[in-house]
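Student: One-letter residues, chain by chain:
Protein chains: 2
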Amino acid sequence: MTEFTKEEVGYMSEALRLAKQGCFTTHPNPRVGCVIVSDGDIVGKGWHQSYGGPHAEIHALHDAGKKAKKATAYITLEPCSHHGKTGPCDEALIEAGVSRIVYATEDPFEKNDKSMPDKLNDAGISVSVGLLRDEAKQLNRGFFSRVINKKPFVTLKLGVSIDGATAMESGESQWITGEAARKDVQKLRASSGAILTGSGTIKIDNPSLTVRDEMLKAIDPIRVIIDTKLQTAPDAKIYQDDKTTWIFCVDDENKTLFQNKNTKVFKVEKNGNYVNLRSVLEILAKKGINDLLVEAGSHLCGALIREELVNEFVIYQAPLIMGSNTRKMFHTPGYNKLNESLRINIKESKKLGEDIKMIAEPIYRAEA
Amino acid sequence: MTEFTKEEVGYMSEALRLAKQGCFTTHPNPRVGCVIVSDGDIVGKGWHQSYGGPHAEIHALHDAGKKAKKATAYITLEPCSHHGKTGPCDEALIEAGVSRIVYATEDPFEKNDKSMPDKLNDAGISVSVGLLRDEAKQLNRGFFSRVINKKPFVTLKLGVSIDGATAMESGESQWITGEAARKDVQKLRASSGAILTGSGTIKIDNPSLTVRDEMLKAIDPIRVIIDTKLQTAPDAKIYQDDKTTWIFCVDDENKTLFQNKNTKVFKVEKNGNYVNLRSVLEILAKKGINDLLVEAGSHLCGALIREELVNEFVIYQAPLIMGSNTRKMFHTPGYNKLNESLRINIKESKKLGEDIKMIAEPIYRAEA
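Those protein sequences? They're chains L and R, same order as listed.
With this note's numbering, letter number 296 in the first sequence gets 296, and the count goes up by one each step, no holes.
With this note's numbering, letter number 85 in the second sequence gets 85, and the count goes up by one each step, no holes.
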């Protein structure tokens, strides 16, 4: 394994910081950052800013100009070597005359030319891989999941009381969590390619599921609705605006009721009497969804954990005891004994306004 | 208000640290610490070690010996001036020749002679009050609650899953939380004068509710059981050992079934069909209980919050999703709308082993 210096860790950290600026705007492309370093000075910086636009390397080389000659390029992802919407970055790096390339992690994207390192070596450029690899993979976990696992990275978000209630029995749930948590949810939405919910949430809450924070310039996430028998009201808010909504059902008899050109109905296979959720995720991956945010009720959330499809939980716990006349977080008919329930690993728990924000990952049986 | 120097804050902090060493052994007496300072040096230290034993000041004066002359005594509580199980401390301080006394907070104990500061002034001793008062009151919040509010400080402890379940529907609840949380509960018990539970918990879990950690030399907390119709099994574990158990009921017909000399049955007034919990707390205060720890099921916990009798929550959240076939934390028939539920203030939330330990205080309607 290549050893890297403290300075190099610093350069790659800066490249990662730059890459993060593309969090809301690059998908389905990955988030990528690049810094060009000459004689210990950062002479060029760039990041992939928007889907279809120039890659990070091109921005950074442009920023460095002639100083790129004999410099080292630190890139958070293996430079592309294929002709897509933009030209291949490896050739641009060769042309600019860099003498060394350090990238954090390999690009799993299948179209990439696996002979790329050879091409660079032939041009006299030395190549090192693996600096801050974990951090770089984490940044693009949705992209990696889509390309490698053929499904999006699934984040399940819940706003609950300390005693685990998501709503009163009546359905009343606004506003359990505070301002800071709601702002944070806007960021979660903005960094997701799609938001998944169920027909129950459409019926009860009639949400828009859009990015409302105007400070966040984001690609509008696609709203994905699981509506097994296509029974949500066609005049629900989510079917009225100019943003894309996809409905997944097993029975599309009512399909013609959904007239908005932005609303598309997908008929998928059954799993019992329900939409096969794994199939939905596979379709979403094929359509370029890297990160899927789930904002749903207990039935859909329960089904997703029982089918082991959730990758991460983001739980906002409000300082509230809602008591017993309430709805629980997860409907889980299969959990009858403690050892049948789902273990999680709490990765982070911190105060956010008056609430607690907790990030956790499931430990599914196969791994446990 | 008296201004205190940074050095003085340091002396009182040390006195508070000493006082905490009595957390498991002084009740119903308060926890008190004392340092004697001469020419900037701490020349004597003491703390109240056990109920009925010498007070903090006596230990500290003994430790200082002749160096107490013209020294300053920093004490976490107003020195006593009455003849109880031990002689009055103000006279001991006068006799030792200290020139100044700084104490953190007044002693609310009614037997205290309110002319004490005059007595000290007459002896040429200057007296200052209020250094780290809040911290000193916090340390003895149970003692203050008992003396001033005529009820113990009530801490409600719960071990729950992230989704707010305390047990599976079957009652299965061992072990939701981890080793570190269970050890922490032993400390909570050891610092409590009594532990409160309900008949349901005795029937389902058959607990001992003792301090099992042999490292904690503690006064055995009294087990207090709410058993409205006196229907728990007389052969339950809690009635078999040599530690004290008090049962509160409204119907004591079965009283003679409880033969263990350590078990005492109290008949109290009704509140609806249930034991009047406020009366129970008043009786416990009269009997010298400063700190009451509640370890109970959803009905008793729910009744305590609805009657606004809980002062603090200690909630251990385990990294577990237990799902929908589970028991909730609080049975609250009166909470039907969000604004009828109980707001809390999360004072602390931190990882403890694999669990999260959260400390919160209720914000009752009158205060909200």
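What the hints contain is simulated information worked out from the structure, not anything from laboratory work.
Treat each hint with caution, since some may be false.
Unchecked claim - The calculated label-pair distances, taken between Cβ atoms and stated as ranges, are:
| id | chain 1 | residue 1 | chain 2 | residue 2 | range |
| --- | --- | --- | --- | --- | --- |
| 1 | R | Q138 | L | K217 | 57 to 65 Å |
| 2 | L | K261 | R | N339 | 35 to 43 Å |
| 3 | L | Y364 | R | I359 | 43 to 51 Å |
| 4 | L | R182 | R | I359 | 42 to 50 Å |
| 5 | R | N339 | L | D241 | 24 to 32 Å |
As the list claims (entries may be wrong) - The calculated EDC-like cross-link candidates involving lysine to aspartate or glutamate, where the alpha carbons are at most 20 Å apart (straight line), are:
| id | chain 1 | residue 1 | chain 2 | residue 2 |
| --- | --- | --- | --- | --- |
| 6 | R | K187 | R | D220 |
| 7 | L | K350 | R | E348 |
| 8 | L | K350 | R | D220 |
Cβ coordinates follow ideal geometry from the N, Cα and C atoms, glycine included.
Student: Does each hint fit the structure? Answer for all of them.
Tutor: The hints, checked one at a time:
| no. | hint | in the structure |
| --- | --- | --- |
| 1 | R:Q138 <-> L:K217: 57 to 65 Å | violated (48 Å) |
| 2 | L:K261 <-> R:N339: 35 to 43 Å | holds (41 Å) |
| 3 | L:Y364 <-> R:I359: 43 to 51 Å | violated (32 Å) |
| 4 | L:R182 <-> R:I359: 42 to 50 Å | violated (25 Å) |
| 5 | R:N339 <-> L:D241: 24 to 32 Å | holds (31 Å) |
| 6 | R:K187 <-> R:D220 | holds (12 Å) |
| 7 | L:K350 <-> R:E348 | holds (10 Å) |
| 8 | L:K350 <-> R:D220 | violated (36 Å) |
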